Amino acid sequence: MFKLDDFANGALTEKFNTEAQRVLENIADPNTDPKKARTITMTITLKADENRELAMVDINTKASLAPSKGVQTKIIMGRDRQGKVEAAELKSGAVGQTYITDEGDFADDKGNKVVQFK
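Quick note on the working numbering: the sequence shown kicks off at 31 and runs consecutively.
Simulated from the structure, these hints should not be mistaken for laboratory data. Note that the structure is a prediction, hence the values are computed from the model and not measured. Watch out, some of these pointers could steer you wrong.
Cut-off 25 Å, straight-line C-alpha distance, at most; resulting in silico cross-link-like pairs (DSS-like, lysine-lysine) [what the hints assert, rightly or not]:
hint: 1; residue 1: 45; residue 2: 104
hint: 2; residue 1: 140; residue 2: 121
hint: 3; residue 1: 65; residue 2: 121
hint: 4; residue 1: 99; residue 2: 77
hint: 5; residue 1: 92; residue 2: 33
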């Protein structure tokens, strides 16, 4: 009846391959859960004319992808001298802890370089 590779001048196969590429990229993304299922849904809708001699065919594809994993971090909160709330991301393992950065510099718990380490 129909060769799917040739149907709609190859558009059906092209639409499937486009969604399949999105699914494969989503599977390869380390920020997604590898065990979550991904799906490709292809909908082919046929609408006949009044004489039932012709049918308009509409082809749609849709991929359901796994969402990105959430990311968590910690922030240090406090108040400045005027009482205004301020916050900064905790870069070290604990509040008040100095650490060595990837570049080999000393930094405070907020990631600010410590010029004179005492």
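Checked hints:
Our distance criterion of 25 Å between C-alpha atoms is broken by residue 45 and residue 104, whose separation comes to about 43 Å. Note on residue 140 and residue 121: the hinted pairing holds, with a Cα-Cα distance of about 5 Å set against a maximum of 25 Å. Between residue 65 and residue 121 the CA atoms are separated by roughly 31 Å; this puts the pair beyond 25 Å, and the hint is violated. For the given pair, residue 99 sits about 41 Å from residue 77 by alpha-carbon distance, which is inconsistent with the 25 Å threshold.
Restraint check for residue 92 and residue 33: satisfied, since their Cα atoms lie roughly 21 Å apart, inside the 25 Å limit.
Hint compliance for this structure: hints 1, 3 and 4 are not met, and every other hint is.
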